[in-house]
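Number of protein chains: 2
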Amino acid sequence: MPSRAIQDYYPDDVAHCYGCGKLNENGYKIQTVWDGDETVTRFTPKEYHTAIPGFVYGGLIASLIDCHGTGTAALASYRAEGRELDTQPPFRFVTASLHVDYIKPTPLGVELELRGKVLERKGRKVISEISVSAAGEITARGKVIAVQMPDTFLNIASVHT
Amino acid sequence: MPSRAIQDYYPDDVAHCYGCGKLNENGYKIQTVWDGDETVTRFTPKEYHTAIPGFVYGGLIASLIDCHGTGTAALASYRAEGRELDTQPPFRFVTASLHVDYIKPTPLGVELELRGKVLERKGRKVISEISVSAAGEITARGKVIAVQMPDTFLNIASVHT
Numbered sequence: 376m377p378s379r380a381i382q383d384y385y386p387d388d389v390a391h392c393y394g395c396g397k398l399n400e401n402g403y404k405i406q407t408v409w410d411g412d413e414t415v416t417r418f419t420p421k422e423y424h425t426a427i428p429g430f431v432y433g434g435l436i437a438s439l440i441d442c443h444g445t446g447t448a449a450l451a452s453y454r455a456e457g458r459e460l461d462t463q464p465p466f467r468f469v470t471a472s473l474h475v476d477y478i479k480p481t482p483l484g485v486e487l488e489l490r491g492k493v494l495e496r497k498g499r500k501v502i503s504e505i506s507v508s509a510a511g512e513i514t515a516r517g518k519v520i521a522v523q524m525p526d527t528f529l530n531i532a533s534v535h536t
Numbered sequence: 376m377p378s379r380a381i382q383d384y385y386p387d388d389v390a391h392c393y394g395c396g397k398l399n400e401n402g403y404k405i406q407t408v409w410d411g412d413e414t415v416t417r418f419t420p421k422e423y424h425t426a427i428p429g430f431v432y433g434g435l436i437a438s439l440i441d442c443h444g445t446g447t448a449a450l451a452s453y454r455a456e457g458r459e460l461d462t463q464p465p466f467r468f469v470t471a472s473l474h475v476d477y478i479k480p481t482p483l484g485v486e487l488e489l490r491g492k493v494l495e496r497k498g499r500k501v502i503s504e505i506s507v508s509a510a511g512e513i514t515a516r517g518k519v520i521a522v523q524m525p526d527t528f529l530n531i532a533s534v535h536t
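Respectively, the protein sequence lines represent chains X and W. Residues in the first sequence are numbered from 376 upward in steps of one, following the numbering used here. Residues in the second sequence are numbered from 376 upward in steps of one, following the numbering used here.
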């Protein structure tokens with residue numbers, strides 16, 4: 376069965392993202408899939424991803440929301456066009472803006488679940504809202520404005536790879 | 376000469392933050408100081424902190440803005456009260472909300488400079504705006520709403536340390 380995670384379909388030239396690139400050996404390698412009309416990423420932070428002891432670092436939460444948002448944008452674009460993830464040309468988004476509200480401290484030591492909903496898709500832009508839950512409780516909410524990567528980025532990326 | 380970086384004065388119980396804790400061996404250990412009426416943090420990303428190859432991961436930029444914002448909030452609170460950084464009780468802030476606008480790709484391989492300005496200080500809340508520059512060009516702008524850490528957090532932290 377083919378992978379359902381959008382990150383497995385990012386072109387190799389642009390698959391080095393620290394948050395979600397399958398080719399970044401030091402990174403988080405998050406995987407984002409559909410669950411009905413929502414997108415889901417699950418990730419268990421390391422014990423050193425600390426804010427204050429016992430709780431998850433807010434910068435990691437922002438990072439997960441960021442990559443979940445660009446992944447959601449790509450998934451939504453394939454679905455809107457009725458295309459399978461392995462069809463060409465690929466959809467690959469970058470973040471134009473990121474907003475995170477930290478509602479309560481996020482406990483360390485449990486798997487986090489991010490769930491995304493597409494709010495708007497217009498032209499090359501996709502806006503999504505994302506919740507972060509730990510042990511069944513929402514601890515943070517985010518909003519990501521993602522923009523389809525200009526083709527020139529792919530050229531730049533090739534030069535630097 | 377005593378350190379001018381606010382993070383050197385965070386109490387040990389709450390000095391494990393992945394972004395700015397002096398006791399987190401795996402973390403970034405950023406250092407935030409005054410430069411006139413602005414706060415400054417300088418940080419050089421690792422080569423694996425990649426977004427697309429050649430450019431800095433947006434999640435790292437968000438992380439730096441986050442910790443620079445809480446550091447700015449603490450520095451501003453000491454200054455507003457006319458207190459030295461080594462006086463008690465300590466000021467320690469957590470992030471209530473974080474916003475980042477990515478203006479242009481941030482090149483990898485150079486030192487980044489974050490500069491913060493306090494927009495508002497009211498009660499336990501400090502709002503700051505932060506720019507991120509690489510090679511003299513602003514590549515991202517952020518806004519952090521930081522809230523003074525409740526005293527109960529220090530107790531929780533002690534249990535988990």
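Any given hint might turn out to be false.
In this list, chains with the same sequence are indistinguishable; a pair is considered to hold if it fits within one copy or across any two.
List time: in silico BS3-like cross-link candidates among lysine-lysine, alpha-carbon distance up to 27 Å [claimed, not checked]:
#1 K497 - K421
#2 K500 - K397
#3 K421 - K500
#4 K479 - K497
In case anyone wonders, no lab produced these hints; they're calculated from the structure.
(message) One pair to classify: K497 and K421, alpha carbons no more than 27 Å apart. Within, between, both, or neither?
(response) neither (37 Å within a copy, 35 Å between copies)
(request) With 27 Å as the alpha-carbon cut-off, assign the pair K500 and K397 to within, between, both or neither. (result) within (24 Å within a copy, 39 Å between copies)
(message) If the cut is 27 Å between Cα atoms, do K479 and K497 qualify within a copy, between copies, both or neither?
(response) between (32 Å within a copy, 21 Å between copies)
(request) At 27 Å max between alpha carbons, let me know whether K421 reaches K500 within a copy, between copies, both or neither. (result) Close neither inside one copy (32 Å) nor across copies (30 Å); limit 27 Å.
Checked against the numbered hints given earlier, the structure breaks hints 1 and 3 and satisfies all the rest.
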